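Input sequences plus hints: build the corresponding full structure.
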Amino acid sequence: MEIKRLSAPLSDNDVLQLKAGDNVLISGVIYTARDAAHKKMAELIKAGQPLPIDLKGQIIYYVGPTPAKPGQAIGSAGPTTSGRMDAYTPLILEHGLKACIGKGFRNAAVKEALQKFKGVYLAAVGGAGALLSKRVLKSEVVAYPELGAEAIYRLEVKDFPATVINDAYGNDLYEEGVKAYAR
Amino acid sequence: MREVKAETIINVVAEMCEEANLYLGDDVVNALQKALEREESPTGKEVLRQLLENLEIARNEKIPVCQDTGFAVFFVEWGKDAYLAGEGSLEDAINAGVRKGYTEGYLRKSIVKDPLNRVNTGDNTPAVVYTSIVPGDKVKIIFAPKGGGSENMSAVKMLKPSDGVEGVVDFVVNHVKASGANPCPPIVVGVAIGGTFDKVAVLAKKALLRPLGQPNPDPFYADLEQKILKKINDLGIGPQGFGGRVTALAVHIETYPAHIASMPAAVNINCHVARHVERVI
Chain A
3 MEIKRLSAPL SDNDVLQLKA GDNVLISGVI YTARDAAHKK MAELIKAGQP
53 LPIDLKGQII YYVGPTPAKP GQAIGSAGPT TSGRMDAYTP LILEHGLKAC
103 IGKGFRNAAV KEALQKFKGV YLAAVGGAGA LLSKRVLKSE VVAYPELGAE
153 AIYRLEVKDF PATVINDAYG NDLYEEGVKA YAR
Chain B
722 MREVKAETII NVVAEMCEEA NLYLGDDVVN ALQKALEREE SPTGKEVLRQ
772 LLENLEIARN EKIPVCQDTG FAVFFVEWGK DAYLAGEGSL EDAINAGVRK
822 GYTEGYLRKS IVKDPLNRVN TGDNTPAVVY TSIVPGDKVK IIFAPKGGGS
872 ENMSAVKMLK PSDGVEGVVD FVVNHVKASG ANPCPPIVVG VAIGGTFDKV
922 AVLAKKALLR PLGQPNPDPF YADLEQKILK KINDLGIGPQ GFGGRVTALA
972 VHIETYPAHI ASMPAAVNIN CHVARHVERV I
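Chains as they are written, first to last, in our numbering: chain A, 3 to 185; chain B, 722 to 1002.
Do not rely on the hints blindly, as some may be mistaken.
Computed cross-link-like contacts, DSSO-like style, restricted to lysine-lysine with a CA-CA straight-line distance of at most 27 Å [to be verified]: (1) B:Lys783 - A:Lys181; (2) B:Lys898 - A:Lys181; (3) B:Lys766 - A:Lys6; (4) B:Lys952 - A:Lys118; (5) A:Lys6 - A:Lys118; (6) B:Lys783 - A:Lys136; (7) B:Lys952 - A:Lys136; (8) B:Lys766 - A:Lys160; (9) A:Lys181 - B:Lys834; (10) A:Lys21 - B:Lys948; (11) A:Lys71 - B:Lys783.
No lab work stands behind these hints, which were simulated from the structure alone. As the structure is a prediction and not an experimental result, all values here were calculated from the model.
In structure tokens form, the structure reads like this:
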């Protein structure tokens, strides 16, 4: 099985070479955010205020890890359901985000925004939190520490495995994969 | 009367919290291995390999299998010849055990105090506790932490008696189809039929406690489990919804007598992280 290597943050070119169904390994810096952090960032954008992180070229990982034990970079850290972020994702893509990692369906508005702003939606394996935690070398809270597991963390990752679900060309692995195997 | 100390309940519950979140049963490991043999999609196979490796890492390095360490759900069978010694109720003791287990075990605290204003309780309490009083003087505790992603993909439908078995099959299969990738397939599908609106939902959750693939003792329902499982796997959703042959590892059906006017049905979905541990005190 062919695997593409990605170095985060991403350029438009990085995004445009990806197709739904591609398996990738990501290395570099990515950020975490889930429901509460998205809500806060959307409010800041709407109020014309600066964001706690520069979104340009970045990858956001939808995750709320377990607390790290002493000596661990992070606790168990698998993806959460992405659909809960759909309301905010087009706005975040408009402000420079290139990719998000989660699991599960995105709505039509997100898929449209991925084409318009040249972005991709990736899925990591839901429920593989222990395995995925080993691909995180370092984590630190960069915003909203009061949110606990929902704070924005800066993660340094190496060979973080993910699969392209929605590419910048309107393809959707969830639709195509199911069609290929339904009977 | 046999005395069971609240402190014993607290300590046992705390141990169970950690055990359930770090170690999955052999039934789940076997089901995933069988799924890997059966899966035809290369991406699906890769997912199943990652899930098996994930269980190894969790076990060897004591990292929770999944970061969503769940709502703490307990089924307690309390022997009527035993009494709880110490202050407070059984639920108080269980909550104290959850507090201890989730804090000392570095497990995620996923419970908010109010469903609308959503401030985290900070210790994963309160638990959800179902208690039945049974003969004897033993106390059996079953703990099944339940993740939010798969719980969100669950449903109750008040079917009509005339909907028959086809009505139940269509309800379950269509529901799994609509859930797609969201509940982290391969999934375990808990189905219940009968009882009341509330009873059927609890029974669907209870169906998830059965060891994976252990059939319903009634041959009619054992057949129905296999029939629904085949239909679900023919949907093509596959591991993680990437397309493939293995969408569900098992379908478990539980039933209860029904009112002459009613035929409630419920489906409670569990992801492949089918956590349940049992202790007898």
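Next item on the list: Verify the proposed pairing of Lys783 (chain B) with Lys181 (chain A), using a straight-line Cα cut of 27 Å.
Entry: Violated. Lys783 (chain B) to Lys181 (chain A) sits at ~38 Å, over the 27 Å cutoff.
Notebook entry, point to check: Taking only the CA atoms, is the gap from Lys952 (chain B) to Lys118 (chain A) under or equal to 27 Å?
Noted result: 38 Å, violated
Check: Given the proposed pairing of Lys766 (chain B) with Lys6 (chain A), does the C-alpha separation stay at or below 27 Å?
Finding: 18 Å, holds
Note to self: Can you confirm whether the C-alpha distance between Lys21 (chain A) and Lys948 (chain B) stays at or below 27 Å?
What the structure shows: 36 Å, violated
Check: Is the straight-line distance between the alpha-carbon of Lys181 (chain A) and that of Lys834 (chain B) 27 Å or less?
Finding: Not OK: Lys181 (chain A) and Lys834 (chain B) at ~42 Å, beyond 27 Å, violated.
Notebook entry, point to check: Does Lys71 (chain A) pair with Lys783 (chain B) here, judged by a C-alpha cut-off of 27 Å?
Noted result: Holds, at about 10 Å.
Item checked: Proposed proximity, Lys181 (chain A) with Lys898 (chain B) (alpha carbon, max 27 Å) -> Distance ~12 Å between Lys898 (chain B) and Lys181 (chain A) Cα, so the pair holds.
Margin query: Hinted pair, alpha-carbon criterion (27 Å max): Lys766 (chain B), Lys160 (chain A). Please report holds or violated.
Written below: 22 Å, holds
Check: Taking 27 Å as the top limit, are the C-alpha atoms of Lys6 (chain A) and Lys118 (chain A) close enough?
Finding: 23 Å, holds
Check: Does the structure keep Lys952 (chain B) and Lys136 (chain A) at a Cα separation of 27 Å or less?
Finding: 36 Å, violated
Check: Are the Cα atoms of Lys783 (chain B) and Lys136 (chain A) separated by 27 Å or less?
Finding: 12 Å, holds
Hint check: violations occur at hints 1, 4, 7, 9 and 10; the rest are consistent with the structure.
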